[in-house]
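Protein chains in written order, with my numbering: chain H, 1 to 221; chain X, 222 to 506.
For the record, the hints were derived by calculation from the structure and aren't laboratory data. A hint or two may mislead.
What the hints assert, rightly or not - List time: in silico DSSO-like cross-link candidates among lysine-lysine, alpha-carbon distance up to 27 angstroms:
id, chain 1, residue 1, chain 2, residue 2
1, H, Lys-8, X, Lys-493
2, X, Lys-367, H, Lys-9
3, X, Lys-495, X, Lys-345
4, H, Lys-56, H, Lys-126
5, H, Lys-26, H, Lys-63
6, X, Lys-351, X, Lys-367
7, X, Lys-345, X, Lys-493
8, H, Lys-8, X, Lys-260
9, X, Lys-388, X, Lys-345
10, X, Lys-362, X, Lys-388
11, H, Lys-9, X, Lys-362
12, X, Lys-260, X, Lys-435
Unchecked claim - Residues of chain H placed beyond 12 angstroms of chain X at every Cβ, according to the derived structure:
id, residue
13, Arg-3
14, Glu-25
15, Gln-29
16, Glu-62
17, Arg-93
18, Asp-151
19, Asp-154
20, Asp-161
We put the beta carbon where it would ideally sit given N, CA and C, even for glycine.
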Amino acid sequence: MTRDLFDKKLREMQDDVLILGSMVEKAVQRSMDALRSRDSAQSTLVIQDDQAINAKRYEIEEKCIHTIALQQPMAADLRILVAVLFIATELERMADHAEGIARINLMLGDEALPPVLGDIGEMADKAGDMLRRALTAFVERDAAAARLICDEDDQIDALYDSSYHTLIQEMIRTPADVQRITYLIWTCHNLERIADRVTNICERVIFMVTGQLEEINVSRY
Amino acid sequence: MVVDYRDDRQTEHPLSTQQPLPPDERIEQPPGTSVIEVKGLSAYYGQFRALDDVSFRIPERKITALIGPSGCGKTTLLRCMNRMNDLVGTFHINGSVEYRGQDLYARNVDVVEVRRRIGMVFQKPNPFPKSIFENVAFGPKVNGIKGNLPDIVESSLRAAALWDDVKDKLHQSGLALSGGQQQRLCIARALAIQPDVILMDEPCSALDPIATLKIEDLMRQLARDYTIVIVTHNMQQAARVADYTAFLMMRSDRAGELVEYRETDAIFTAPKDKRTEDYVTGRFG
């Protein structure tokens, strides 16, 4: 006996996760580009597009709930659906962090970025790279790759630490810039949370493949 | 192995990359006291081998489900546990089935006593064509069980969650009850002879969903005092009621083998053997 229709639904849901993932990746990328180039219009678009990301997340959730109710999946099928549910939620929250960065850019108004940015750029690049590879691990059912990505969260934490200290020093040096630098610390925090959520996605990939629920890397923040 | 999930021609489950595991990784014996221990059991109907080399333990006061496709030997295995297969002339076994350390197939075993301690409820409700009272009282009477008969009948009917339905019509025919009530009457009849183990052979397959859920609730209550083994074709039922689940499968030579045995939630969320995975996800069987 095969379950062709059910398998097709599972594949569709996986494709939906990838679509959501690419929307989120784009949102993170655009929010950082907008901040770097102080492009308010771009930030406004990121905020507007978050509605579409929320809608996609609810669409995936609804499909999962229907499939669980109607197909009564077991074992690996159940694990895939549970993973999809959690991953969709994590992705949607990551987009909220991107939206947060976009709002920070709007809050900066007409002011230029402070001259010292810490490791914000590197954090954004690293978090984006971790997200891309986490989605690949999901598609390829690669628990080993997911585990390695979780370990990389320490690098993001280290970049956050160093950025935080650099930016605090800069505040002390130039008290007039406290407000602008605070916005940058908030940006770092958003990026750090995005990487944490990548770790959560990887934990779900490991669960999907092995059936083991485990917390791989607990962030210090 | 990396599987391209988008390949429409793919028929095997995308996570089914495991090879069959050795028995010690597939059979996880439950902790605590075992009531029944099946050791290297092979069962034959004449020349035909229905079961091959099955070994596992049934834990006390738990519900153990036997699942598997038609013809895999699960009913044969269940019926070996109280020697019901003795009624088939050509039936014989190798290996052993022990009940609390006693070999059930030893020469000096009293088969009537075996079936008193290890009762059975069948697929189709089969009350005697007698009153509700007589149905329940029959076992204690013929087994010479001491005690106040009306008390035994009442406590058995209460334990089977039937007392409130029938207390005002105990002398009406058991056949006048609904299907679900008849099955609970059969359970009360089994309980009246104070068994230790209750074997259930697809006890809900002839019942509607509401009656099925009532029997399942009842099984959970009974598991506080009794050891229950159930054969079911309904995987959701096994998932809902059983503490442990054994998955059997028919091999190419048509002999049934025990593929995997472990806690029910593990069988239905993360089975270790590929064949179990394929069965519980509905990809064969």
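Assess, step by step, whether the Cα of Lys-495/X is no farther than 27 angstroms from the Cα of Lys-345/X, and give holds or violated.
violated (33 angstroms)
Next pair to validate is Lys-9/H with Lys-362/X; report whether the Cα-Cα distance is within 27 angstroms.
Roughly 58 angstroms separates the two Cα atoms, so the pair is violated.
Straight-line Cα separation of Lys-351/X and Lys-367/X no greater than 27 angstroms?
Measuring from Cα to Cα gives roughly 22 angstroms; hence the hint holds.
Hinted pair Lys-8/H and Lys-260/X, Cα distance within 27 angstroms:
Answer violated: Lys-8/H to Lys-260/X is near 43 angstroms, above 27 angstroms.
Going by Cβ atoms, does Arg-3/H stay more than 12 angstroms from chain X at every point?
Arg-3/H not clear of chain X: closest Cβ-Cβ about 5 angstroms, inside 12 angstroms.
Hinted pair Lys-362/X and Lys-388/X, Cα distance within 27 angstroms:
holds (20 angstroms)
For a C-alpha distance cap of 27 angstroms, please report whether Lys-26/H and Lys-63/H respect it.
holds (24 angstroms)
Taking only the CA atoms, is the gap from Lys-260/X to Lys-435/X under or equal to 27 angstroms?
violated (34 angstroms)
Glu-62/H: least C-beta distance to chain X exceeds 12 angstroms?
holds (21 angstroms)
Can you confirm whether the C-alpha distance between Lys-367/X and Lys-9/H stays at or below 27 angstroms?
violated (61 angstroms)
Quick one, are Lys-56/H and Lys-126/H close enough, alpha carbons at most 27 angstroms?
Holds: Lys-56/H and Lys-126/H sit about 25 angstroms apart, inside 27 angstroms.
At 12 angstroms, judged by beta carbons, does Asp-154/H keep clear of chain X as stated?
Holds: least Cβ distance 27 angstroms, greater than 12 angstroms.
The structure is inconsistent with the numbered hints 2, 3, 7, 8, 11, 12 and 13, although it conforms to all the rest.
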